[in-house]
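A.B. asks: The lines below spell out each chain.
There are 2 protein chains.
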Amino acid sequence: MERKPQNTQHRYSHAPTDIVTMTDRQGGNQRIDHFGFLEDGTFKQRYLVNNEHWDQKGGPILFYTGNEGDITWFCNNTGFMWDVAEELGAMLVFAEHRYYGESLPFGQDSYSDAKHLNYLTSEQALADFSVLIRELKRTVLGAQKSPVIAIGGSYGGMLSAWLRMKYPNVVVGALAASAPIWQFPDMVPCGDFYKIVTQDFARSGLNCDVNIRRSWKAIDNITATDDGLQWLSGEFSLCSPLKKTDLDGFKAWLQETWVNLAMVDYPYEANFLQPLPRWPIQVVCKHLGFDPSVVSDYQLLGGISEAARVYYNYTGNCPCLNTSSTATGNLGFIGWYYQACTEMVMPLCTDGIQDMFEPQDWNFQAFSDECHSLFGVRPRADWADTVYGGLDIASHSNIIFSNGGLDPWSSGGVTRNISDSVVAIVIPDGAHHLDLRYNNEYDPHTVLSARVLEVKYFKLWITQARKLQIPG
Amino acid sequence: MERKPQNTQHRYSHAPTDIVTMTDRQGGNQRIDHFGFLEDGTFKQRYLVNNEHWDQKGGPILFYTGNEGDITWFCNNTGFMWDVAEELGAMLVFAEHRYYGESLPFGQDSYSDAKHLNYLTSEQALADFSVLIRELKRTVLGAQKSPVIAIGGSYGGMLSAWLRMKYPNVVVGALAASAPIWQFPDMVPCGDFYKIVTQDFARSGLNCDVNIRRSWKAIDNITATDDGLQWLSGEFSLCSPLKKTDLDGFKAWLQETWVNLAMVDYPYEANFLQPLPRWPIQVVCKHLGFDPSVVSDYQLLGGISEAARVYYNYTGNCPCLNTSSTATGNLGFIGWYYQACTEMVMPLCTDGIQDMFEPQDWNFQAFSDECHSLFGVRPRADWADTVYGGLDIASHSNIIFSNGGLDPWSSGGVTRNISDSVVAIVIPDGAHHLDLRYNNEYDPHTVLSARVLEVKYFKLWITQARKLQIPG
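If you're matching them up, the sequences are chains A and B in order.
Our numbering applies: residue 1 is where the first sequence begins, and numbers increase by one.
Our numbering applies: residue 1 is where the second sequence begins, and numbers increase by one.
These aren't lab readings, by the way, just hints derived from the structure by calculation.
Mixed in with the good hints there might be a few duds.
[Stated by the list, open to error] Covered stretches of chain B, going by a simulated chain A footprint (3 or more residues, C-beta under 8 Å): (1) 85–95; (2) 159–169; (3) 204–218.
[What the hints assert, rightly or not] As a list, the in silico BS3-like pairs of lysine-lysine whose alpha-carbon atoms are at most 27 Å apart: (4) A:K145 x A:K44; (5) A:K44 x B:K44; (6) B:K44 x A:K115; (7) A:K115 x B:K115.
Here a beta-carbon is modelled for each residue, glycine too, at the ideal position from N, C-alpha and C.
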């Protein structure tokens, strides 16, 4: 999931699509507007299907509820589904979220203005998924009685949980991995997110968080002069030299860098937001171990620049650092920003004490004004709470919320069992939806146990569903 | 609930509002569009509140989910809520459905075209109810932790059930009285509705259904001549004499009359669709007891005309019969027709064998074309199934579906227990949501038992809710 303020984009990692049969389909026509009858246009929703291990006599369907990006990218980063397909005799389906990838309701005009963006909501996306699942069950031979399990990570995980909550007739259960369904106003403290980021750095190397916390002032000190600005631009090998007016943006870019590292602090080499070494924050922190009481501003920022290169130039192929983005790729940014500006209002804040960032309050009005100037719409701060039940989700069933202890998004996750069938799993050594990734020799045992438990629940739901099945 | 093809309108009956304190409020601003952000207008939703018996320390709220008409009319016809308020220490709230009564999103323009009608959907209405309930709990002193129970009859009962299904955080349970949530395509046989109407007449007098079944042909025979047409107009005291081209309309009006009688076949004098005697179908059938093998067409239609007068002129104040409507009032027709033409697609059909009507298939295409010419929209036959779960509602909880054995709408109702907490009550001697009416000395014991059981469930849900309550 991207956070609101900045561009965290994505690109392909390794591609299981290369080695297995994968069908890329433009789905049955979806209504552009499921909730009104004036707009009667339709569009093609893309989805990917793999039947390799499917038991055609009603074997289950694992259905990935696509999030804010090209579905092939999520498909490639959800190895868990590929790993368990054979054991479950499951068909795999990855459904693209409207307005992302190739699933554009108005083609090239989809993002042209507020009128065309009006159908980019989670409710419409959930309705797409329901319609698609029903269509698959009706048309795919052998799938009529297949129990369907929703699986998703991050915003996709929120959608999985919500799909089970709103359409329990369509999916028998949901695995919502690293899904911050409570990261909404008045549900959790806005500062927890950055506290977790800070803890990740604190645990990964002596003085690491302390030195990052000091770096903001050091930037101010050094960039007070033109020489200092020039030095900093050189030290970071920036593609465009810094001007005085760029400083807020430069700091935001650095802050986003540390956040992204916290999200992808995986125990092995991986390429999710960027190609990175194993336990990348540990590698970052090797450059930030100074004794804070003696280090100079120049030394400190030298270390910060080395640390940033771990994230941006692990491959060594990057000639200069570009502060206009924090992750490569061509997906999601504008759409997700629109969603944040409408339904997905997720307050974040920092205080500089419990976290390593410069203090910044959550300012709804400023955010709303920014949304209005960008998109011509204003966010509804309490809509997500109203429509998705907020903290009160006890009456639902068959949902697993898995959370990574290292993942800042666990701040808004469900980390305690709500009932016997709305359960939480915490993976202490896990970053952002580690459990959804392929098995890896470096996986900590906690994620292996989590995956075993997840599959156990899947089997339980499938058994339940077969017992309850309506005849005919 | 009105059926699609004809105008079944309503008017006031007796008014408990005259004898108790009732506050009529224009509710907090509701968004015209809950599901998109382009249309950011709001409107005032009307609701009625009575606090007379409310235990202000968190006593429950009984919340009537208004259906297709002026809310005061439903308020006056839902005496059950008034009867149980004291026992439960409950606040009563009756919320008006958007586009009906005084809750008009665009004022006088609300019905002007498809653009203005676009927000008349059950999903928008459910969102209104959720927003209103949350608003009441936030603003009414003592209501913060009040468990809310949704109650509704007919389409209002469908909304109650759906509110619990879609917003279980907002209401702890629902009483869905005479709510045909399964009267949608491919869920129940389209002919069951008229079969039940026919059975009501068959059980209420010898030869009653047989003579009505014969009457259609008698009408054809007699109206073959101009003299016959004139005779029939006179015999029925029609306000406008029949022309040849009026015959289909005349038959439809009669058919609707029998249907309405089946809906309001109450065991005591009542004024729901019309002022009527107790067990009105028995009174009707006194005029239709002829031996069918010897009666002439003239005699038969004479009896039919007497029977129709029981419905239209019980008060004796009606100088002539008007075939352009079947129930007085100024509510609901166009709005409900629009809803039938969009989401509320309820197939009905007759075969003339198992029912007493002229055979008529369900013709979706013709219906769709009619909708398009009237409103510029086309119905989505399978949307209700997708969005509300169709037959597969077992994963929900705390819903009572009560059904009247005499009520034709029980054809689409849930008449068997689905689980321990999604339960059905059948009231064999009950017509359309008899259980929601005031206690009456002529009530059959089956409706008294039903009400007792309903209150028992209410108390159980309230206890459950208090146990589960989230602190704070």
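A.B. asks: Evaluate each hint against the coordinates.
C.D. replies: Going down the list of hints, with the structure as the test:
With 0 residues having a Cβ less than 8 Å from any Cβ of chain A, the segment 85–95 of chain B misses the three-residue criterion, and the hint is violated. With 4 residues carrying a beta carbon less than 8 Å from a beta carbon of chain A, the segment 159–169 of chain B meets the three-residue requirement, and the given coverage holds. Evaluation of the coverage hint for the segment 204–218 of chain B: breached, as 0 residues show C-beta separations to chain A shorter than 8 Å, against a requirement of three. A threshold of 27 Å between alpha carbons decides the hint, and for K145 (chain A) with K44 (chain A) the separation of about 25 Å falls inside it, so the pair holds.
A hinted pair counts as satisfied when its Cα atoms are at most 27 Å apart, and K44 (chain A) with K44 (chain B) does not qualify at roughly 38 Å. About 25 Å separates the Cα atoms of K44 (chain B) and K115 (chain A), which keeps this hinted pair within 27 Å; it holds. Between K115 (chain A) and K115 (chain B) the alpha-carbon distance is near 14 Å, which keeps this suggested pair within the 27 Å criterion.
The structure shown violates the earlier hints numbered 1, 3 and 5.
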